[in-house]
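A.B. asks: Listed here are the chains, written in short residue letters.
Protein chains: 2
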Amino acid sequence: MFDNPTHTTLDKMGEFALIDHITKHVKLTHANTVKGIGDDAAVLLKSVDTLQVITTDMLVEGVHFDLMYTPLKHLGYKAVIVNLSDICAMNAVPRQITVSIAVSSKYTLEAIEELYSGILAACNIYKVDLVGGDTTSSKSGLVISITAIGETNINNITYRHTANENDLICVTGDLGAAYMGLQVLEREKQVFLENPDVQPDIEGHDYIVERQLKPEARIDIIAQLLKEQVVPTSMIDISDGLASELLHICKASNLGCNIYESKIPIDSVTFQTALDFNIIPQVCAMNGGEDYELLFTIKQEDFEKIKDKDSITVIGHMTAQGNSANMITNANTVLPIEAQGWKHF
Amino acid sequence: MFDNPTHTTLDKMGEFALIDHITKHVKLTHANTVKGIGDDAAVLLKSVDTLQVITTDMLVEGVHFDLMYTPLKHLGYKAVIVNLSDICAMNAVPRQITVSIAVSSKYTLEAIEELYSGILAACNIYKVDLVGGDTTSSKSGLVISITAIGETNINNITYRHTANENDLICVTGDLGAAYMGLQVLEREKQVFLENPDVQPDIEGHDYIVERQLKPEARIDIIAQLLKEQVVPTSMIDISDGLASELLHICKASNLGCNIYESKIPIDSVTFQTALDFNIIPQVCAMNGGEDYELLFTIKQEDFEKIKDKDSITVIGHMTAQGNSANMITNANTVLPIEAQGWKHF
Numbered sequence: 001m002f003d004n005p006t007h008t009t010l011d012k013m014g015e016f017a018l019i020d021h022i023t024k025h026v027k028l029t030h031a032n033t034v035k036g037i038g039d040d041a042a043v044l045l046k047s048v049d050t051l052q053v054i055t056t057d058m059l060v061e062g063v064h065f066d067l068m069y070t071p072l073k074h075l076g077y078k079a080v081i082v083n084l085s086d087i088c089a090m091n092a093v094p095r096q097i098t099v100s101i102a103v104s105s106k107y108t109l110e111a112i113e114e115l116y117s118g119i120l121a122a123c124n125i126y127k128v129d130l131v132g133g134d135t136t137s138s139k140s141g142l143v144i145s146i147t148a149i150g151e152t153n154i155n156n157i158t159y160r161h162t163a164n165e166n167d168l169i170c171v172t173g174d175l176g177a178a179y180m181g182l183q184v185l186e187r188e189k190q191v192f193l194e195n196p197d198v199q200p201d202i203e204g205h206d207y208i209v210e211r212q213l214k215p216e217a218r219i220d221i222i223a224q225l226l227k228e229q230v231v232p233t234s235m236i237d238i239s240d241g242l243a244s245e246l247l248h249i250c251k252a253s254n255l256g257c258n259i260y261e262s263k264i265p266i267d268s269v270t271f272q273t274a275l276d277f278n279i280i281p282q283v284c285a286m287n288g289g290e291d292y293e294l295l296f297t298i299k300q301e302d303f304e305k306i307k308d309k310d311s312i313t314v315i316g317h318m319t320a321q322g323n324s325a326n327m328i329t330n331a332n333t334v335l336p337i338e339a340q341g342w343k344h345f
Numbered sequence: 001m002f003d004n005p006t007h008t009t010l011d012k013m014g015e016f017a018l019i020d021h022i023t024k025h026v027k028l029t030h031a032n033t034v035k036g037i038g039d040d041a042a043v044l045l046k047s048v049d050t051l052q053v054i055t056t057d058m059l060v061e062g063v064h065f066d067l068m069y070t071p072l073k074h075l076g077y078k079a080v081i082v083n084l085s086d087i088c089a090m091n092a093v094p095r096q097i098t099v100s101i102a103v104s105s106k107y108t109l110e111a112i113e114e115l116y117s118g119i120l121a122a123c124n125i126y127k128v129d130l131v132g133g134d135t136t137s138s139k140s141g142l143v144i145s146i147t148a149i150g151e152t153n154i155n156n157i158t159y160r161h162t163a164n165e166n167d168l169i170c171v172t173g174d175l176g177a178a179y180m181g182l183q184v185l186e187r188e189k190q191v192f193l194e195n196p197d198v199q200p201d202i203e204g205h206d207y208i209v210e211r212q213l214k215p216e217a218r219i220d221i222i223a224q225l226l227k228e229q230v231v232p233t234s235m236i237d238i239s240d241g242l243a244s245e246l247l248h249i250c251k252a253s254n255l256g257c258n259i260y261e262s263k264i265p266i267d268s269v270t271f272q273t274a275l276d277f278n279i280i281p282q283v284c285a286m287n288g289g290e291d292y293e294l295l296f297t298i299k300q301e302d303f304e305k306i307k308d309k310d311s312i313t314v315i316g317h318m319t320a321q322g323n324s325a326n327m328i329t330n331a332n333t334v335l336p337i338e339a340q341g342w343k344h345f
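So the sequences go chain by chain: W and H.
Just so you know, we're using the numbering used here here: the first sequence kicks off at 1 and counts up by one.
Just so you know, we're using the numbering used here here: the second sequence kicks off at 1 and counts up by one.
Bound-form chain W, shown alone (with noise of 0.2 Å):
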């Protein structure tokens, strides 16, 4: 069935049109589902005042991660680190998730004991409850699948369809920092397995390897705009790169927007490493992935609310629907914003 030349194969469609294409069927019948599928997370009511958000993420061995450089405790910290970013980008607050894994019979207790102390700790550090899940076995790789659930007031739920024209874009901490810390990584795989012997050289480049390694959560975040009353009129997590999420807000919002090159936050880290891998910065700014910073729009009369905040920075604002959306380079010339993104298939 599968070799059906006629057929259409998923790795020539990509995960966005698969999802689009199978999720037109879908229809909605309670009440108190708000939100379904097309955002970081589902929303259902859950009392009068009171959001839920729920979302899921799936990690598969040799698509998602390598095991050849990935520690399994960092890799259930990680796993669980993927869903509370998607939480935060809905302006929630984390409490629960469930954890399923498929696994060999060949591994050792002691190395699920691994994996399951990284995602304790992940809940430990952000104060979410394991409450359930499902241990089975893979007849090949390792497959890790987490669903969380957060919560907000009715009144701070931030979506991706809701940005204004004019309002500001902000993204948090640096970007492109866990692209570079894979290329390291990769790069270090590629001398060991020429030869053995050699020792991993990440000397120097710990923050960007831990980025990639370790990604944290932007919970902090979520706390600062409650305490400062500012409530997004957008936001997304950074997943697929500052170009896809930035495309993500705009269609869903219909409108466009310019960045500008100039304001990109990146790491000198970041920076360096990408010059030495002769890649240009702001390319793994825009297309390198897993960064877990949120990207968010605001009102203009907010700016003053976020302005002194470090680990804030604006890099545009969103213009008229009919626009597109606009890099500013630093030559001042507009270039036009492309989706490069993670492509599983």
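Hints listed in this document are in silico derivations from the structure and should not be mistaken for laboratory results.
Each hint should be verified, as a subset may be incorrect.
Label-pair ranges, simulated between beta-carbon atoms [claimed, not checked]:
(1) H:320 - W:210: 50 to 60 Å
(2) W:161 - H:263: 55 to 65 Å
(3) H:207 - W:226: 48 to 58 Å
(4) H:105 - W:207: 46 to 56 Å
Using N, Cα and C, we set each Cβ at its ideal position, and we do this for glycine too.
We have chain W; now place chain H onto it with these hints.
C.D. replies: Below, chain H alone, put in the same frame as chain W:
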């Protein structure tokens, strides 16, 4: 790391022991987490009188299903049902699901559509909203991970650990059918592998093959119990065989039980097919898996309310702490019940 002979491999340990081992380190911190790991579903406080229940299950190709005889539409349907059954086992009504799948890029769009048509058929029949998910690629087989969310009144929630001495033990429907359906499918697969020109012969076995390929969740029983104002004192769904589930209730409730071989409901097709395969029919019912019927206990005073229900059979009663779980055979001998269940490792 995985070959160290001093380490414990998972196949020597079993799924339940692994889960017990890992989850002993889990601490719950949120006031609204009512019940974590250890039942069919986790329980969260939704509002002052409503509880939310959450469960998750992962199905792995080659472990839980064989695509040689499992149509993708049936697989999608069943993947939803196994989760809805866990929601029912808490005496709750399913409301929403999320679906994550990992598939090889060699799959066609049409194949994924088939899978989702089964998922959406189950959503439609059971009035459940598909609210989110993740779609990613796999380096090898198909993996489906579903999380289901349900709701129940705070007075109706039903756990495993709350059975009382002398409570009546009830099962729904009939048992062993899914297991015998699997035997028929496996036999026809072998015939086909030996001679691809021979057409599969499942004539007369439609009922048990359907029980294997397209099980249903007993949402009708939950509605019936509500209507009759019977709140079971304990409940679990029968996914691993009656023996295994009875032992879960006995262990969790710290009680023994006596059930009667003569009372175990077995369909005539299951019975005859078991004999044809030289299997004792009651062994299928006790140790065959995937029936997705409900096993529950009720107070003796509730017997009048359920005794005329075709789909509920009383098979025995709970006995005091210190007693074992026993089956009273047709020859009036006492057999201790031992778990066989499904061992996926």
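A.B. asks: Mind listing which of the numbered hints don't hold for this structure, in increasing order?
C.D. replies: 4
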